[in-house]
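Heads up: the sequence lines are chains A and B, in that order. In short: position in the first sequence from 1, add 71, done, that's our numbering. In short: position in the second sequence from 1, add 1342, done, that's our numbering.
Misleading hints may appear alongside valid ones.
[To be verified] Part of the chain A face toward chain B, derived, beta carbon under 8 Å: (1) His77; (2) Ser160; (3) Arg221.
[Unchecked claim] Pulled from the structure, derived: some chain A residues nowhere near chain B, Cβ distances all over 12 Å: (4) Val74; (5) Leu129; (6) Trp143; (7) Leu154; (8) Ser158; (9) Leu231; (10) Leu239; (11) Leu257; (12) Leu262; (13) Thr268; (14) Ser271; (15) Leu303; (16) Ala305; (17) Ile317; (18) Phe334; (19) Tyr348.
No wet-lab data here; the hints were simulated from the structure. In this text, a Cβ means the ideal position worked out from N, Cα and C, and glycines have one as well.
For reference, the chains in residue letters:
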Amino acid sequence: MFVLSHHPHIHHQAKAERLALHTALALGPMALAAAFLWPARFMLLLALTILAGIGAGLGMGRGKITRAGAGWCLYEALLLALLMPESVSWFIPALMTAAVVFARTLIADRDFLPPVNMPALAVGTSALFSAPGIFALSFGSPTSIWGVTRGNFFFLSGWLPMLASLALTRAAQARYFKWRAFGSFLLSAGLAIVVWTMLSGISLAPGWTLMPLYLAGFAAFALIADPRATPLSARGQTAAGSLAGIVFALFAIRGMFYQGMVFSALAANLITPMLDYVLAGAPARER
Amino acid sequence: MAKIFHGGRTWPAGDFLFHSAFKRLGSITELAIPVWNNGTALVKQGQEVAAHSAVGADAHGLPVFTPLAGKVSAVKDFAELAVRPRRFNIGRLTIQIAVGEKAAAEPAPVFKPHPRYWELTKDELTNRLHAAGVIDLKNRPLPKTIVFDGLDPEPPLSTNLRLLMERPAELLDGMRIVMQIHGAVRARLAVPDDQPALFRQLKSMLASSVNLHPIAVENRYPARHPALLAACIGLPGNSAIYGMETALRIKQAVMEGRPLTAKFVTVWDEWSQRRANIELPIGATVEQALGLKSESYDGYKIALGGMLSGACAHSVKTPVGRDIDGILLIDAAREPRKAPCFNCGQCLEACPAGLAPSQIFRMERDSDAARLVPGACLGCGLCSYICPAGLDLSHQMRIARNRTAEAG
Chain A
72 MFVLSHHPHI HHQAKAERLA LHTALALGPM ALAAAFLWPA RFMLLLALTI
122 LAGIGAGLGM GRGKITRAGA GWCLYEALLL ALLMPESVSW FIPALMTAAV
172 VFARTLIADR DFLPPVNMPA LAVGTSALFS APGIFALSFG SPTSIWGVTR
222 GNFFFLSGWL PMLASLALTR AAQARYFKWR AFGSFLLSAG LAIVVWTMLS
272 GISLAPGWTL MPLYLAGFAA FALIADPRAT PLSARGQTAA GSLAGIVFAL
322 FAIRGMFYQG MVFSALAANL ITPMLDYVLA GAPARER
Chain B
1343 MAKIFHGGRT WPAGDFLFHS AFKRLGSITE LAIPVWNNGT ALVKQGQEVA
1393 AHSAVGADAH GLPVFTPLAG KVSAVKDFAE LAVRPRRFNI GRLTIQIAVG
1443 EKAAAEPAPV FKPHPRYWEL TKDELTNRLH AAGVIDLKNR PLPKTIVFDG
1493 LDPEPPLSTN LRLLMERPAE LLDGMRIVMQ IHGAVRARLA VPDDQPALFR
1543 QLKSMLASSV NLHPIAVENR YPARHPALLA ACIGLPGNSA IYGMETALRI
1593 KQAVMEGRPL TAKFVTVWDE WSQRRANIEL PIGATVEQAL GLKSESYDGY
1643 KIALGGMLSG ACAHSVKTPV GRDIDGILLI DAAREPRKAP CFNCGQCLEA
1693 CPAGLAPSQI FRMERDSDAA RLVPGACLGC GLCSYICPAG LDLSHQMRIA
1743 RNRTAEAG
């Protein structure tokens, strides 16, 4: 009996499952560093989260048309394990992983889900960067030859593994990275800072501009350019990035609140559905 | 100068058969000539028919000819169909012919050849084309601008470009006949921009032509869509569009007196790895075209057309009609596994109509998709092709389009 299906009969080789797997592999440098510093603790935690994630995915996925997929389960398990502090109880990350996978699988048929991905890592990292004490404690000596030092969180095992993971993640997601949102964020944030300093007449110390911009760029790279949380259309991405840049400038510069970039990302994410509704697929040219 | 449009996609040359010369099919013992969509049969069961004789007429009155001589074994509805819902119960009348043992290889012309076609009037030409079953130009508008389509952007279909490579002189004759009928003042021959040698050859052949010029067009799918092709070239949207095979059949009907009895198709068989461009007699079946044996083909599907726009057939007995450009036997294991949409926007970037398929997919379930103009969808299938989540966006677009059309 021949198979019957709707066209098209070929598909692009890029697949969501493969994306999840590649992103999970991209977390490898951080996982290796954590395993190096806490071999027993981290490996046990990681094993538990992976079991919980895949188990939840397989168990909940039965009978569903779309599933979380083993790649996504692995990715979320690894990420949540890395986000935990070293002193966490073993069952908390396992429960969290199972809950996330459960939620994803439960409503996967009805609509898409925002995956727990690099944004969570970026948020946590950025928040901790803003506290110099925690920064020093987490990263230890910045002169460490490999940039790997014991800290409080599994993923904060040093700047080298983290940067390597971030770079690999972006490489894995390069096809879906929304550069317009990222670029418009940087442009609008920079313009807002320049305009504010000119209008207010206050001259900012370099530390007040460079640090927020560094944090903003980091957050924008991971959060605002995330494929899931940003609009579909080019105009929507530009609008969301610009709004996020202005909100960031208001919080971080005007309010001297580093964590303001979190709110800027939230602002961009909140208006994404509206921008998609209004701008994506605006009436095509007449045929 | 190559022209492009938004979105679309280009495939590598290895996905096509541009360099595969046309072959003829081996001996055929039976034909199943379709006169579907409420066509009529002019013969009865048991009747002897000569090669190139009219055996039926399609819904528009165009005669349908048998390519080979034989005896009519049955005139009946095509039985090899899946259960059809009543709303899809359209006529599938098929004339089955048992080919005679002494079928002539090349019968004499049915009509009087007119190599000096320029001496014929427009009515004589259109009557000839109608009588030969090629095309009905008597009852349709004849714009003054014409596009001759030499593109093949959809894998693995290659007949258009292959004809242009093999028989350019005959095609140019056919084009000139068309231009004479239309009284055309401007005609363009679209040539893929990745074929510079062919373009130079055609430019040289048309150097003295006043109204017909070749133009290089990016071989990007779906450039052949009527809504896009004329705009790509810079001609009005109501320009007439003719493919290469139509031009060749027009030339054969007028200058050689031959009716339409064959079809150029691209055969792509992933089971036996057979790939070829062949000239099929009208009425040959998918089974004959693919050369299928009695082995099981579980896990495979038959698609009539291209990889992106072809429609599935469920039976190897399906006859090949004049509207089929490709016959594909595809491994169905490549069907993607579905995942949730993660808003990547690839479908929006790929859509040549500028639509947002993922939005329409989402909203169609809430019956609110009409606002996003799904009626502008070209049906190219690129959204489903490019979607990393494996969503059936093109199918949902079709549903939304039909729903919008029904709602008026």
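Checked hints:
1. The restraint placing His77/A at the interface with chain B holds, with a minimum CB-CB distance near 4 Å, inside the 8 Å limit.
2. Annotation: Ser160/A was flagged as interfacial toward chain B, and the flag is violated, the nearest CB pair being 31 Å apart, outside 8 Å.
3. Taken as an interface hint, Arg221/A does not check out: its beta carbon lies about 35 Å from the nearest beta carbon of chain B, beyond 8 Å.
4. Residue-level check failed: Val74/A sits 4 Å from the nearest beta carbon of chain B, not beyond 12 Å.
5. Distance check on Leu129/A: its Cβ is at least 14 Å (rounded) from any Cβ of chain B, clearing the 12 Å threshold; non-interface status holds.
6. Distance check for Trp143/A against chain B: the nearest CB is about 8 Å away, which does not clear 12 Å, and the non-interface claim fails.
7. Chain B leaves Leu154/A outside its interface by the beta-carbon criterion, the shortest separation being 20 Å against a cut-off of 12 Å.
8. Separation of Ser158/A from chain B is adequate, the least Cβ-Cβ distance of about 33 Å exceeding the 12 Å criterion.
9. Every Cβ of chain B is farther than 12 Å from the Cβ of Leu231/A; the closest lies at roughly 29 Å, confirming the non-interface assignment.
10. Look at Leu239/A: its CB is around 19 Å from the nearest CB on chain B, clear of 12 Å, so calling it non-interface holds up.
11. For Leu257/A, the condition that its CB be more than 12 Å from all CB atoms of chain B holds, with the nearest at approximately 20 Å.
12. Listed as outside the interface, Leu262/A is consistent with that label: its C-beta sits roughly 25 Å from the nearest C-beta of chain B, beyond the 12 Å cut-off.
13. Under the 12 Å C-beta cut-off, the non-interface status given to Thr268/A relative to chain B holds; the minimum distance is some 35 Å.
14. Distance check on Ser271/A: its Cβ is at least 38 Å (rounded) from any Cβ of chain B, clearing the 12 Å threshold; non-interface status holds.
15. Look at Leu303/A: its CB is around 4 Å from the nearest CB on chain B, not clear of 12 Å, so calling it non-interface is violated.
16. Distance check for Ala305/A against chain B: the nearest CB is about 9 Å away, which does not clear 12 Å, and the non-interface claim fails.
17. No Cβ of chain B approaches the Cβ of Ile317/A within 12 Å, the least distance being about 23 Å, so the stated non-interface status holds.
18. For Phe334/A, the shortest C-beta to C-beta distance to chain B comes to about 21 Å, beyond the 12 Å cut-off, and the non-interface label holds.
19. The beta carbon of Tyr348/A sits about 8 Å from the closest Cβ of chain B, which is not more than 12 Å, so the claim that it is off the interface is violated.
The earlier numbered hints that this structure contradicts are 2, 3, 4, 6, 15, 16, 19.
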